[in-house]
Structures are given as C-alpha cells and as structure tokens.
Amino acid sequence: MEFTAKQIAALLEGSIEGDEQAIVSKVSKIEEGEPGSLSFLANPKYTAYIYNTKASIVIVNKDFKAEKEVKSTLIRVEDAYTAFAKVLDAYKQKMQDKSGISDKASVAATAKIGKDVYIGDFVSIGEHTEIGDGVKIYPNSFIGDHARIGNRTQMMMGVKVYDSMQIGNDCTLHAGVVIGCDGFGFAPQADNNYKKVPQIGNVILEDNVEVGANTTIDRATLGSTIIRKGVKLDNLIQIAHNVDIGENTVIAAMVGIAGSTKIGRNCMIGAQAGIVGHITIANEVKIAAQAGVPNSIRKEGEIVIGSPAFDISKFKRSFIHFRNLPGIVERIKEVENKLKE
Amino acid sequence: MEFTAKQIAALLEGSIEGDEQAIVSKVSKIEEGEPGSLSFLANPKYTAYIYNTKASIVIVNKDFKAEKEVKSTLIRVEDAYTAFAKVLDAYKQKMQDKSGISDKASVAATAKIGKDVYIGDFVSIGEHTEIGDGVKIYPNSFIGDHARIGNRTQMMMGVKVYDSMQIGNDCTLHAGVVIGCDGFGFAPQADNNYKKVPQIGNVILEDNVEVGANTTIDRATLGSTIIRKGVKLDNLIQIAHNVDIGENTVIAAMVGIAGSTKIGRNCMIGAQAGIVGHITIANEVKIAAQAGVPNSIRKEGEIVIGSPAFDISKFKRSFIHFRNLPGIVERIKEVENKLKE
Amino acid sequence: MEFTAKQIAALLEGSIEGDEQAIVSKVSKIEEGEPGSLSFLANPKYTAYIYNTKASIVIVNKDFKAEKEVKSTLIRVEDAYTAFAKVLDAYKQKMQDKSGISDKASVAATAKIGKDVYIGDFVSIGEHTEIGDGVKIYPNSFIGDHARIGNRTQMMMGVKVYDSMQIGNDCTLHAGVVIGCDGFGFAPQADNNYKKVPQIGNVILEDNVEVGANTTIDRATLGSTIIRKGVKLDNLIQIAHNVDIGENTVIAAMVGIAGSTKIGRNCMIGAQAGIVGHITIANEVKIAAQAGVPNSIRKEGEIVIGSPAFDISKFKRSFIHFRNLPGIVERIKEVENKLKE
Chain A
1 MEFTAKQIAA LLEGSIEGDE QAIVSKVSKI EEGEPGSLSF LANPKYTAYI YNTKASIVIV
61 NKDFKAEKEV KSTLIRVEDA YTAFAKVLDA YKQKMQDKSG ISDKASVAAT AKIGKDVYIG
121 DFVSIGEHTE IGDGVKIYPN SFIGDHARIG NRTQMMMGVK VYDSMQIGND CTLHAGVVIG
181 CDGFGFAPQA DNNYKKVPQI GNVILEDNVE VGANTTIDRA TLGSTIIRKG VKLDNLIQIA
241 HNVDIGENTV IAAMVGIAGS TKIGRNCMIG AQAGIVGHIT IANEVKIAAQ AGVPNSIRKE
301 GEIVIGSPAF DISKFKRSFI HFRNLPGIVE RIKEVENKLK E
Chain B
1 MEFTAKQIAA LLEGSIEGDE QAIVSKVSKI EEGEPGSLSF LANPKYTAYI YNTKASIVIV
61 NKDFKAEKEV KSTLIRVEDA YTAFAKVLDA YKQKMQDKSG ISDKASVAAT AKIGKDVYIG
121 DFVSIGEHTE IGDGVKIYPN SFIGDHARIG NRTQMMMGVK VYDSMQIGND CTLHAGVVIG
181 CDGFGFAPQA DNNYKKVPQI GNVILEDNVE VGANTTIDRA TLGSTIIRKG VKLDNLIQIA
241 HNVDIGENTV IAAMVGIAGS TKIGRNCMIG AQAGIVGHIT IANEVKIAAQ AGVPNSIRKE
301 GEIVIGSPAF DISKFKRSFI HFRNLPGIVE RIKEVENKLK E
Chain C
1 MEFTAKQIAA LLEGSIEGDE QAIVSKVSKI EEGEPGSLSF LANPKYTAYI YNTKASIVIV
61 NKDFKAEKEV KSTLIRVEDA YTAFAKVLDA YKQKMQDKSG ISDKASVAAT AKIGKDVYIG
121 DFVSIGEHTE IGDGVKIYPN SFIGDHARIG NRTQMMMGVK VYDSMQIGND CTLHAGVVIG
181 CDGFGFAPQA DNNYKKVPQI GNVILEDNVE VGANTTIDRA TLGSTIIRKG VKLDNLIQIA
241 HNVDIGENTV IAAMVGIAGS TKIGRNCMIG AQAGIVGHIT IANEVKIAAQ AGVPNSIRKE
301 GEIVIGSPAF DISKFKRSFI HFRNLPGIVE RIKEVENKLK E
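Chains as they are written, first to last, in the numbering used here: chain A, 1 to 341; chain B, 1 to 341; chain C, 1 to 341.
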C-alpha cells in the first residue's frame, strides 16, 4: 500500500511542509527511518533524529521549530502522537481489507452468514452455525456445528472452534487458537486405566476478547467456560474446563489456569504463571510471572509472586535472605563457635 | 439435537413423572437449569435445587421423595448419576456422528482406507498410509506418507502427523496436535554454527492414548518416541525425541519432557513441570505442578515438588522456613547481640 | 523406501561382506536392530551387540574384526559414524522429495514463485509475496501478502506466516508455527478497558533459522522482531514483539521472551525459562531451564539459574541450605537454648 503526503495530511487534517507527492509504503521509528517510510516526532527527546532521518514523511506537532535543515516532508498536526496512532489504525485496517467468501471454502447449507463477511480459502463452517456481520475468517480455519460468532469478530489463520461455541462481537482470535477442545477429565478405574468423562459443555467468549496465537481454551464438562468482556489473552495460554475469567483481566503468554477456577476482573497475570483448579482469585489481583498459585486469593488488589506464591513484599524479603543463605549459615557457625568457647 | 423425555426414559429404562413430550436440547447442572435443559439429582446436598430449577427434565433416583412441588418432568432410574453419564455418552456420540470422505479432501491413491471412516474437508492423507476402521479425521488435518492409524482413532481439526508415524486404536488427538516434528538435535561446529542431526525415527502412540490441543511430540532421532497404552496428555505439552512414557501415566498441561527420558507407568505429572533429558522416572511417581526434575527418580511412588525438585514433605518444611527467613535472621541477630553483651 | 547393500556401499564407497542384495527400509540402533533395518557400529562399547543384532545390514569401521559369527551383512568404511550420518542425510532428503505445485493450493496471481518449489494441498499464498527457489511449503500452510521467503526454506504443515514477514534462506519452520501474530500491546483506558495498540511491524528470520512446532513469534509494534542467522528455536516457544535474538543462539522448548528484549549471540537458554521485556542479555550467556530472568545480564558467558535468576554457583550454595533449612533452624534453637541456660 502506498500513500502520498497529500493523502495523509487529508486524513489527519494537517498541513504539509515539503513535497506533497512524497510517497510512503511503510511506517518506522524516526531513528530507523528509511526512504519510503512514514515516521513521527512527538517526544522532544527524539528531536535530534529529525535532522538525519531518512523517513520520507514525518508527522510533527504544529509548534515544532526546526533548528537545522530537515530533509523529510513534514506534516504538521495538533498532536503528532495521536495523529500517528490514527495513521496506524488506518494502515492496519487497510491491511485487513479482505472480503468475500472464497469458492475454496466449505460452508454448510444450514449456516447463517451475516453481511460483509470475509471467509478465506479452505475454511469450514458447520451446520446451523451463525456468523455475524463484518466477520473475517482467514484461511484454514474451522468452525463446528451450532456455533455462534458475533459481529466484526476476526479469526486469523488456522483457528479451530469446536461445535456449540459462542463467540461475541469484536473479538480477535489469532492464528492456531483452539476453542472448545475437551476438558482434561478422566475417572480412574480399578485397573489403573482412566475412563474419559464426556465433556459436553461449551466456551463463551464475551465481546472484545483477544486471544493470542496457539492459545487453547477447553470446553466445560457441563455448562460453560467463560471469558468475559474485554479480557486479553496472549499466546500459548491454557485455560481449562469451567474456568471463569472476569472482565478486562489481562493474561500474559504461557499462563496455565486449571479447571473450575474463577478469576476476578481487572486482574493482571504474568507470563508462565500457573493457577491450580477450583480456587477463586479476587478482583484486581496481580500475579507475577512464573508464580504458582495454590490457594484462593480473597483480598482485592493483592500482589503475589513465587511458587508457591505469596505476598510480593514478603517474598522479596525472604528471597534476599535466600540469596544470602551461605552468609547466614556462616553467622550461625560463628555463634556456635563462640558458645563452645 | 433435541430429545423428548420419552426418548431419554427409553434409553435409561426409567419411568417418567410429568410431561413425556418435554423437550431438551442441552444438559446443565441442576443449579444452572434452564428451560430446554436436562439435569440430574444424585447427591442429596443438591436436593434443595430441584424445587427451583428451570431444567425441563431432571433425572432422579428411584427412591427420591419430593417434599415440595417440582415443576420439572422427572425420570426415575436406579442410579441417577450413572444414568446421567450414560446420557452424556450418548449425546457426545451423537455430536460426533460425522461420516464419509469429503470430496474436498486429498487422499493419496496408494493410501489404504478402512471401513466407516470420516475424512473431512481439506484433509491430506499421504502415500502408503493405512487408516483403520471407524477412524474420524476432522478438517484441515494432515497425515504424511507411510503412517498407520489404528481403528476408531479420532483426529480433530488441524492435527499434523508427519510421515512414518504409528498411532494405535481408540486414540484421540485434539486440534492442532503435532506428531513427529524433528527432535531438537544440533551438533555444535567450530565456528559456533550448529549442524542439524537428521531426525529419522518415528513416534509410536499405543492404544487408548489421548493428546490435548496443540501438544507436540517429536520423532526419535533413531528408533521411536513411545507413548504407551492409556497415557493421557493435556494441552500444550512438549515431548522430546526418544522419550518413553509408561502405561496409564497422566500428564497435565504445559509439561515439558526432554530427550531420551523414560517415565514409568501410572505416574502423575502436574502442569508446567519440566523433566530433563536422559533420566528415568520410576512407576507411580507423582511430580507436582511447576516442578523441575533434574535427576532420575528411582523410588516407586515418590512425590516431588520444587525446582530443582525433591521430596514433597521435606520441601514443605523448607518452604515454611523460607517464608519465615526474615524471622530467622532476626533470631540470629538477637543471639549475636546477646553474645556481644 | 528400500535400499540394497550394494546401493548403500556405492553411496559410502565401502566394501560389502555378506549378501549384496540384502534390503533395508529403515534405520535402527544396533541394539534395536530388526530384519530390514540398517545399523552401524562405531563405539567399541557396543561391539557385543553386533553378534546378536537382527539388523540386515551393519556399517562398521574398516578395521573391525569379528570375534564370533556375525549374521548381518557388513559394509566396511573408513569411519562408520560419519558414513552412517551420510546415509541418514540421504534418507532424510529422500523422505522430503516432494515437488510441484498442488492444484488444490491457492496461489495469488501477483505472487512470484521461484524454481523447483513444492507447494502442497490447501496452501494459500498471498498477493505480491515472493517465494524463493527450492522452497517447500507443506499442506495447510498460509503465507500472507507482501511476504518474502528465501531459497530452500521449508515450511511444514499448517505453518501460518502473516503478511509482510521476511524469512531467509535455508530455514525450517515446523508444523503449526505462527510468524507475525500481533504483539500483546494494549493501552489501559480510564474505565479499565484496554485499547489495542496497532501492531504493524514485521518479523525477520535471517538465514539458517530453525523454528520448532507450534512456536509463536509476534510481529513488532513498529520495525521488526529479528531472529538472526543460525538461531535454533525448539517447540512451543513464545517470542514477543520487537525481540532481537543474536546469531547462533539456541533456545529450548517452552521458553518465553517478553517484548523488546535483546539476546546476544551464542547464548543457550534452557526449557521453560522466562525472560522479562526491555532487557539485554550479553553474548554466550547460559540460562538454566525454568529460570526467570528479571534484569539485564551484562557479563558475557554468565550462567544463571532460579526464579528470579542469579549466578549458578551462588544459587547452588543457597539451594543446598534451602533444602537444609529445618536443620539450620534446629541449630538456632539449640544456640538460643544454650544462651538461656
């Protein structure tokens, strides 16, 4: 995609200083500007870069005063940072302007497909499934029978949604996401075998949920695994059956949450943390990366770390002493020696 | 799918109390019952819910005596819990009644396909591969050349099985599973480069193995990576080359097992645990979540925790003191002060 | 694939002792030899096995002297180990001799496709994307628009490469790999919602990079996430946006590296380790499995372990005392008791 300075200035209601036919096809940081790239200068700390940048166009604040020659074409706007974000949004949208239903897709006759959807090559959509308006489903994705996908939701390449799942509006599911695989439920038998407990519940993703690449969310045994409004999940996360995650909770990569655990809203969970099953985490709790949470956390806003996890300030004090254990043992030895004397 | 009370009673050989034309299309816990759902009451603790549940049909024990009005249609059976499980099995089976070979699949001319199989859209099956009777392969899955898939095995969406793999009877591979990717073997070279060690062994899954979504199992360098009868693997697990996992061992999500390690039978391994390469774990060992196992465990039934992992009861005692290290250091200080006096 | 002793001897310039029509169709360790398998004997420790192995053909050193009867056909070569590795390479190459463009693939009219490529069933290749010579793309893979794939690179089944990515020469991407999913960037809003920060950078894989199954690498917010020459990544790894990994660094399975972190060259990172964002790791650093690295490591060649991670020899000393904390507390008690007396 290519844009001229004139087009960008029109989008931003800015004024051009330089070549209004200057063309850009990508964006860059100002310090990494290249011919054909668009950049911006908002933070005064970066002002020095504007005199050497090779970016073809730079968005600057209205009141920016050049102290040396600037080779780039400038677009002056009220607030360069906000304007740049606006360009990024427009650019991103442009990158994702796929539309239409591929004749290489396989859509069941009983599926209901909304308006303005994109369904890519080699996508399967099952019987009685409903796809909302403006939905985009990228190649090699699969949606089972009796599923419901809300409006404007995007499913990137190779997403697999089992039958009977419910996905809200404005969600984004990244490549390789699996929604609705069986919960890990097996009943031990007398002969050390395990008998599978049928998993026939579903997964509900409410609106505005984002799910990172290759993350897996298990269907409930009965009822629903629920990911509430605005939850953001990073890549390679495992959410077990019957988990319930509260609104606007943010979970970093590689976190595992075991079955039937209920997480509050506005929580933040660091990467590679693990949370055992059948517990409750209060609202606004923060769990550090690699923590292992063995018990419910009842206090709102608590911050925990460690495996098993406990209060962060206490952990830090204990950890300082852990690092100094050889010194501590030395002190005990000295005391013992003195006592012998 | 819809069922009437009459149909369910027939399946369970139960007697109906209420509307034999009552229709259900899903199942629910009794406390979450909705119109159109089927529920059950087995545990007396939940008896109170039966008077308010909105479930259209509830399965109860023969001897259940209502003390207030019950609005749901009841089906009386010998054992409500077992009967409900039977309904779940039937329901699950009904959900998975796909059959036939899609004309959008790509099956090599030299592949041998059993009876009553399902091969979905966009599935590839390689040269000389044998697919057993009753196998179900869901859309977008791939099976390479010279592979063998046993009877009644299910491969969900987007499963990838490299060439020459052997998968037994009655296995379930969930969406996104990868069987037979190269082991991570590289020989360091003089110039800091690495030369790849060819990985030409295979993976053998014996009968009754379940593999969770997006789990990866590497092929052996030579010989076979072996997952024995009845092993259950959860989601996002990594099994490296030449690993051997004993019968009926159960492994929770996100566990990593490094190359050539041999795990005994009937072991239980908690989520996010890691086990180094080239060691042996005895039968019936339990490894706690997030443990890091650096050495062989020779003693059957041992339980370990921590990273590096050791005996759980010893770990717990040490961990209590870790949490109390500031107090311990305080006591040393006091002792030192007293000695100075 | 089948080979005769005569064909193998010709490849290795070796001499045959036994049946030159002996046929093998697989390779095995000498102790696991079966009829129809090819094995080798290089390490004298394994000599005893040659008298009982069922391998049809065994490659041995020129100077090997049998002390008992050997039933297998022998091929004598200068160096049995090197010769065997040569056979493995040939075998592996033979296994991967796919070629041609499937008529079930979907290749955009504007894509530029090199010579001698393999593009399998159900592969999508986007607009303006360039595919180098000798590239192999296995079934169900996806490459977006404006991407560039170097010569001889292999993408196994179900690999997903978002638009605008750049992948070098001689790379291998295993099944399920995701390159270029959005970085996990969200700006907190006043009402506890998060607004997505558009992620419009890309990922650059330089030459000779290997990426394990189901590993995910996020695109940069702006600029590039960079994986430099010769880097080897195992399965189920997460590389966040704007990370930069130096040449020939080797990373084991399930490692997570957070945003904007820069890793030096020739580093080794153990499985399940985590590295926080916005830090720098020096060259040749070794990070133990399950370590959690919270700060930059400036010293070349440092070895760290633990979560939070620090110097390995110090960690080991502290950990010995951790295991002995009950004993330490006992000693303090004794000292206190003596002082009371």
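Hints should not be assumed to be uniformly reliable.
To be verified - Sample of chain A residues with no beta-carbon within 10 Å of chain C, all distances over it, derived:
(1) Q7
(2) S15
(3) K29
(4) P44
(5) N61
(6) E78
(7) D89
(8) I101
(9) K136
(10) N140
(11) K232
(12) D244
(13) I279
(14) G301
(15) K314
To be verified - Simulated DEER-style distance windows between Cβ atoms:
(16) B:D311 with C:L339: 31 to 39 Å
(17) A:P294 with C:Q189: 26 to 34 Å
(18) A:A108 with C:Q96: 41 to 49 Å
(19) A:D133 with C:Q189: 42 to 50 Å
(20) B:R298 with C:A66: 36 to 44 Å
Said to hold, decoys possible - Here's a subset of chain A near chain C, in silico, CB distances under 7 Å, partners left out:
(21) Y81
(22) G100
(23) A105
(24) H174
(25) R228
(26) G230
(27) D234
Derived from the structure by calculation, the hints contain no laboratory data.
We put the CB at the ideal spot given by N, CA and C, even for glycine.
P44 (chain A) and chain C, when compared Cβ to Cβ, separated by more than 10 Å: Holds: least Cβ distance 19 Å, greater than 10 Å.
Using the beta carbons of D311 (chain B) and L339 (chain C), state whether their distance is inside 31 to 39 Å or not. holds, 33 Å
Beyond 10 Å from each Cβ of chain C, as asserted for S15 (chain A): holds, 24 Å
Take a quick look at K232 (chain A) and tell me if its Cβ sits farther than 10 Å from every Cβ on chain C, holds or violated. violated, 6 Å
Using Cβ atoms and 10 Å as the threshold, tell me whether N140 (chain A) really stays out of contact range of chain C. violated, 5 Å
Nearest-CB test (10 Å) between chain C and N61 (chain A): holds, 19 Å
With 7 Å as the cut and Cβ atoms as the points, is G230 (chain A) at the interface with chain C? holds, 5 Å
Using the nearest Cβ pair, does A105 (chain A) come within less than 7 Å of chain C? Violated, because the Cβ-Cβ distance from A105 (chain A) to chain C comes to roughly 10 Å (cut-off 7 Å).
May I ask you to check that D244 (chain A) keeps its beta-carbon over 10 Å from the closest beta-carbon of chain C? holds, 18 Å
Q7 (chain A) non-interfacial with respect to chain C [C-beta, more than 10 Å]: holds, 17 Å
Are all beta-carbon distances from D89 (chain A) to chain C longer than 10 Å? violated, 6 Å
Holds or violated: is the Cβ of Y81 (chain A) closer than 7 Å to a Cβ in chain C? violated, 11 Å
Violation of the numbered hints given earlier is confined to hints 3, 7, 10, 11, 18, 19, 21, 22, 23 and 25; the remaining hints are satisfied by the structure.
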